[in-house]
Amino acid sequence: MANNDKLIGDALALAACGLLGAAAPTRSHAAEPDGKWAIDTAVLYYGESDGRVKDASLSALAIREFGDDRKLSLDLTVDTLTGASPSGAIASDLPQTFTSPSGRATYTTPAGEIPLDSSFHDTRVALNAAWSQPFARLYTFNAGVGASSEFDYQHIGANAGFTRDFNQRNTTLNLALAYGVDKVKPVGGVPIPFATMGDAVNEEDGNVAGRAGDSEDKNVLDVLVGFTQVLGRHSLLRVNYSYSDSSGYLTDPYKILSVVDPVTGEPLSRTPPPGVSGPSGIFLFEGRPDSRRRQSLYSELRQDFSGKVLQLSYRYSTDDWEIDSHTLEGRLRVPLGESGYLEPHLRYYTQSAASFYRYSLAGGAPLPEFASADARLADLDAYTIGLKYGHETSRGNEWSARLEYYQQAGKAPAETLIGNQPGSVQMPDFSAVILQFSYHFNL
Amino acid sequence: MGSPCEVLVDSSREQPAQAVTSAVAACAWRIEQKFSRYRDDNIVARINRAAGQPVEVDEETARLLDFAELAWRISDGKFDITSGVLRRAWKFDGGDRAPDPEGVRALLPLVGWSKVKWHRPALTLLPGMEIDFGGIGKEYAVDQALAAAAEITRDPVLVNFGGDLAATGRRRDGSAWRIGIEDAAATNQASPQAAGLLELAAGALATSGDTYRFVKAHGERRPHVLDPRTGEPVRGAPQSVTVAAATCTLAGMWCTLAMLEGRDAEALLMREGVRHWVQRTPVGDVSH
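In the order they appear, the protein sequences are chains A and B. Residue 152 in numbering that gives the first Met the number 0 sits at position 153 of the first sequence, and the numbers go up by one each step. Residue 26 in numbering that gives the first Met the number 0 sits at position 27 of the second sequence, and the numbers go up by one each step.
Incorrect hints may appear among the rest.
[What the hints assert, rightly or not] Now the in silico label distances, taken between C-beta atoms and shown as ranges: (1) A:R232 - B:A25: 26 to 36 Å; (2) B:R12 - A:Q228: 39 to 49 Å; (3) B:R12 - A:S117: 35 to 45 Å; (4) A:V333 - B:A25: 55 to 65 Å; (5) B:T229 - A:G231: 29 to 39 Å; (6) B:R12 - A:V77: 49 to 59 Å; (7) A:D67 - B:S113: 31 to 41 Å.
[Said to hold, decoys possible] Not everything, but these chain B residues come out facing chain A in the computed CB check (under 10 Å): (8) E265; (9) W276; (10) V277; (11) T280.
These are calculated hints, taken from the structure and not from any lab test. Positions of the beta carbon are idealized from the N, C-alpha and C atoms, including for glycine.
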């Protein structure tokens with residue numbers, strides 16, 4: 000060309016678009032990998048029974064391909080949580096009064112009910128960005144950063160990984176590393192483990208007792224080694240091993256334990272000084288170990304039965320808190336008509352209690368090194384049953400609706416029960432409904 | 000299209016695969032009938048027989064003419080859809096016959112887009128001039144066929160018209176399509192050997208080359224790319240050029256422009272940052 004230093008590529012590409020664009024207005028997103036965004040949006044509602052936690056979440060994931068398999072993805076989620084969650088205290092035959100986490104007010108739970116902390120509400124914003132690109136033909140490299148923020152919790156993290164294809168791309172090995180730094184800034188300050196819940200203190204009367212500092216840190220390292228094998232034309236096997244090492248502040252600052260009569264197992268009661276509102280019993284803030292190492296093994300099989308796709312997975316996880324869990328999950332995707340599908344979903348989860356889980360603490364007995372009455376650390380069974388319907392529009396966009404029902408039942412290990420508790424034990428079991436609408440489109 | 004046409008649908012369902020095949024075939028036939036220069040009942044024939052009179056063209060033809068005009072402009076006149084008449088002096092049949100320089104010279108007044116009046120939607124050629132969309136049509140058909148396929152199914156589709164091809168995206172298992180590039184030196188054998196295997200996740204691939212069509216002139220293997228400004232074949236043109244781009248039309252135009260650059264084909268493609276594979280006759284192997 001005469002004009003050697005002036006590139007002609009842009010003009011040509013533009014002209015080719017002019018030629019094809021008008022003639023093919025409904026061209027598929029995949030046909031032009033360059034310069035297009037694929038967007039996934041979802042709105043999700045999660046509601047627990049008995050007026051407990053409700054979560055409304057909006058999320059958007061945008062992926063842009065830059066050709067040669069280079070890919071940028073941006074992910075934004077906004078969550079709003081409202082409702083009450085179990086505080087860890089046990090139910091009593093009498094109404095019970097607690098100081099709220101801020102230390103400035105009190106609330107009362109009626110007799111016979113599991114105490115819930117109703118000051119639970121939060122808005123969380125999370126943003127992640129990731130880049131992936133191939134190198135040296137059979138490798139793909141990816142890296143990302145992310146951050147999330149809510150009023151009492153901040154997270155920043157980074158991750159990197161690579162994928163290597165073998166065996167004519169029938170085998171894929173991937174290795175991923177992620178590191179997160181979290182800061183917990185509990186309302187009212189960081190409770191000292193096993194400090195007694197104090198009386199409510201007015202703003203002008205100074206600090207809340209039993210608190211030490213404003214914030215604590217937590218670091219999490221995750222390592223994943225994954226292996227995917229194509230088994231013939233219709234099935235795929237994936238096996239992942241992951242290792243997670245958390246250290247720092249792993250305690251839940253809002254969870255407490257009831258101190259009970261060592262003979263009867265009934266909550267001990269107290270009366271706040273005259274003119275002061277405060278707890279009607281003795282409640283201690285929980286304390287957990289400052290490290291947790293967890294290993295999981297995950298296997299998944301996908302099988303295509305002439306259009307119906309079955310996905311079965313099993314996960315075994317074990318950690319040094321002695322929580323061992325098993326998750327069994329299955330989905331079956333059944334095509335419905337030319338452009339729709341129906342996907343039933345079943346999931347079963349079971350775990351053993353953490354070694355330091357206590358239903359309550361016996362008054363007068365020496366304090367354990369660690370203790371938590373968080374029902375999520377007890378023996379637990381949960382199942383999910385759900386159904387999803389998806390539909391692809393004529394323009395290649397796709398929407399789906401998912402409805403799921405979740406039920407969780409906990410069990411306090413017998414050796415953690417005191418006095419008459421085996422006859423009266425009440426776990427904060429609940430069920431929840433999950434409803435999600437998703438829409439995938441291209442820009 | 001003068002070459003085998005195939006469509007691959009990566010689907011477990013039969014019905015969309017059949018619908019896609021029919022749509023792609025319909026699209027191929029439509030473009031073939033509308034733009035082939037071997038027919039006497041289409042728009043190309045009407046333009047070429049107009050004998051100096053303006054011909055009003057439809058929107059699709061107008062877009063192709065716009066594209067051809069832009070390619071002519073950015074190539075400084077080397078890409079020219081009026082250069083087809085030079086075929087009368089050249090025969091690309093693998094034979095030894097050299098062109099008659101007198102004949103070529105006599106044809107040159109009928110070649111050159113600068114002699115054409117193109118005012119949308121009217122095109123006026125000098126009497127005796129001809130246009131043909133040979134350098135664009137097949138690639139354009141691939142893109143249109145793929146777009147038609149993508150309207151029917153979301154399953155990955157690859158459309159291949161005689162080696163010019165485009166795919167909607169990765170295969171269902173996430174892998175790229177594996178494409179063999181024919182070895183230009185070996186394709187007159189019964190089983191062509193792949194000179195290279197490349198992977199295409201999405202987008203298009205086009206190839207220009209003298210694989211089947213060449214003449215020997217002055218002891219030099221002559222590729223079938225002519226410089227319309229001189230009527231001479233382009234010297235030092237590669238044996239074949241393959242380009243990957245977002246669309247087949249774009250890839251095909253890069254191939255043609257690279258061929259027209261002759262010895263500088265690779266330099267052009269590298270300067271423009273185009274993914275390409277160029278095959279040349281090994282040095283000392285120019286005699287056959």
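A quick look at each hint next to the structure:
1. A:R232 - B:A25: 26 to 36 Å: Given range 26 to 36 Å: holds, Cβ gap about 29 Å.
2. B:R12 - A:Q228: 39 to 49 Å: 25 Å, violated
3. B:R12 - A:S117: 35 to 45 Å: 52 Å, violated
4. A:V333 - B:A25: 55 to 65 Å: With a Cβ separation near 31 Å, A:V333 and B:A25 fall outside 55 to 65 Å, so the hint is violated.
5. B:T229 - A:G231: 29 to 39 Å: About 58 Å separates the Cβ atoms of B:T229 and A:G231, which means 29 to 39 Å is violated.
6. B:R12 - A:V77: 49 to 59 Å: 38 Å, violated
7. A:D67 - B:S113: 31 to 41 Å: 38 Å, holds
8. E265: 14 Å, violated
9. W276: 15 Å, violated
10. V277: 17 Å, violated
11. T280: For B:T280, the interface hint is violated, since the closest Cβ of chain A sits about 24 Å away, which is over 10 Å.
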